[in-house]
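K.L.:
Use the sequences and the hints to build the structure in full.
Going line by line, the protein sequences match chains Z and P.
Residues in the first sequence are numbered from 1 upward in steps of one, following the working numbering.
Residues in the second sequence are numbered from 1 upward in steps of one, following the working numbering.
Source of the hints: derived by calculation from the structure; they are not laboratory data.
Within a straight-line C-alpha distance of at most 25 Å, the following computed SDA-like cross-link-like pairs (lysine to any residue) qualify:
1. Z:K163 / P:Q159
2. Z:K96 / P:N145
3. Z:K96 / P:K17
4. Z:K96 / P:I29
5. Z:K97 / P:I21
6. Z:K97 / P:L189
7. Z:K96 / P:S16
8. Z:K96 / P:E186
9. Z:K163 / P:P19
10. Z:K163 / P:L171
11. Z:K97 / P:E186
12. Z:K97 / P:G22
13. Z:K133 / Z:Y231
14. Z:K163 / P:E119
Over the 12 Å line for every Cβ pair with chain P, so calculated as not near, a few chain Z residues:
15. S53
16. A67
17. G79
18. S232
19. Q355
Quick caveat, the model's predicted, so the values are computed rather than measured.
Here a beta-carbon is modelled for each residue, glycine too, at the ideal position from N, C-alpha and C.
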Amino acid sequence: MTPYLRALRLINFRNYADDTVLLKPGLNIVVGENAQGKTNLLEAIAFAVTGSSPRTPSDPEVVRWGADFARTEARIAVGGSGQERMVAVGYAPGQKKRLTVDGAPGPALSAYAAGGAGVRAVNFFPDDIRIVKGAPSDRREYLDDLLSILRPAYARAALDYAKAVQQRNQLLRRIRDGFSSERTLATWDRKVVDLGEQILRGRDEAMPVLDEHFASSLRALYGPEKAAVHYSHSAAPEDYAEALREAHDADIERGTTSVGPHRDDFEVSLGGVDLTTFGSQGQQRMATLALKFAARDHVRGVTGEDPILLFDDVMSELDGRRREFLAGYFLESTQAVISTTNLEYFDEEILRRAQVVRISGGAIMETTTDGVMERVAERHGSFRTA
Amino acid sequence: MATYARPVERLITELSKLPSIGPRSAQRIAFHIVRGKPDDAYGLAEALKEVKERIKPCRRCFNLTEAEECDICRDTRRDDAVICAVEDPYDIGPIERTGEYRGLYHVLGGALSPLDGIEPEDLRIAELVERIREEGTKEIVVATNPNTTGEATALFIAQEVADLPVRVTALASGLPVGGDLEYADEVTLGRAFAGRREL
Ligand SMILES: Nc1ncnc2c1ncn2[C@@H]1O[C@H](COP(=O)(O)OP(=O)(O)OP(=O)(O)O)[C@@H](O)[C@H]1O
Ligand SMILES: [Mg+2]
Ligand SMILES: [Zn+2]
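P.N.:
Put into structure tokens, the structure is as follows:
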């Protein structure tokens, strides 16, 4: 059986002091008014299973104001027959993050995010619409994040590549300003090309698969028009080294590296129209969702396991027919946790099959399963800390 | 306004210039010294002074030594046809402890890094090339750190000696021995896979 998250304890995480949320396979709906902690809860789940926040690169932000550490503890159901894995992420500003799996020190962060925790996550936050609407860097980030949760070596190559490009850029400026000779430029070219090729290989392999998944997801979500994602190289892998060499003079003048995977982009199109430039708000939002579903399908294709889906405020701005489609999609997923301010978006039948988690002021108020409500506080005793 | 008497403040300031010692540890160490036996403190001061007066780089390999040449360079039993290039003198210890290497060393004094303003001229690369020419070195093992700057430095050295009749090798990045495969970190294991060999 595919792993899923059974429970999550949040300690000093954002506006949660110490609380535990219980989750089910299939659809979980987090409901609450504005500014109560819905987004924070989804962020905490991602933090627990990937080791970092998908919303901010700055870890201190997630620590509850006035507290000196944040911690999440997740119970993950792995395999049948009630087998569980307990993973915890502890962070105190100024200290190294502590990842533990069943009480023992966990793997490196990159490996933890790539399945080391026992389960992977694909998330959607409203701001993610920038993947379609925003800059090329937003689209590259989508690709890199996805490939990184599949292969720690890709995550490492992406980090090293960024460092090598930074070094090369600084060298270019030093050459331009007369502080360096061109002696080491070929060396940094080689380093950049070695690492850049690893990234290009990863992306080139994934793109056609993503294209197919994206097209079928958007067809289901939007309509029959042909949807596609198409990668455009600033330099094809086989011409990369040559292109970099040819760019020497121009690069020195500008002080930046003009070709390579850090300058690439992919086009998101619907019926031949570029959605980045011409898409309506709704089209862009749906294309973003379809990209997230494509990521889910790709993870499933590569690993044979479904990632858990964390979708924040996904129902708003969609019409009734599409909300219904999404609710069905999430219900059929191994596990989805979505948030909303409004339960009326869901019909009776769906609410009956889903787990509803009501939150208020950074606390879990109640969970409703099979239409039966239960105070969560009473269950705290059953949650053991390793 | 200083919180403590001037000599104590001075000690704290000096200590906090040391790597990986923050202001709080500096203060703790300073008070440890203030409270401790005079002989311990003089011993430390003496050791600091001695190290600065007596230790200098080996004129041949730039390892640290009290003499003109270091013990390794003067050891005639060592194979002088091989030179292992390392970034820092403290990289020599771990290699020596393997007992596997019997050649000489060359301390580069760091790694190429435009971001830190480190150029080939700031490293002892020219000295290395010169040594290879003069000593007729057959092989140079580049043992720089396995990170971006270390690897770039290795590539640069290979490029600089390309015209000389010397073989350039690098250490294999493999698995830690004695550990189970299960516990190897993914990147190391990934590299070991990429560098797999015929059996
Ligand atoms: N580090 C923190 N410590 C304490 N509170 C925080 C921290 N970070 C954010 N908050 C607060 O948590 C509250 C809840 O935020 P959250 O984004 O989860 O709300 P939400 O339920 O998703 O609301 P909306 O429906 O408006 O999206 C906000 O008022 C925010 O100011
Ligand atoms: Mg929100
Ligand atoms: Zn020497």
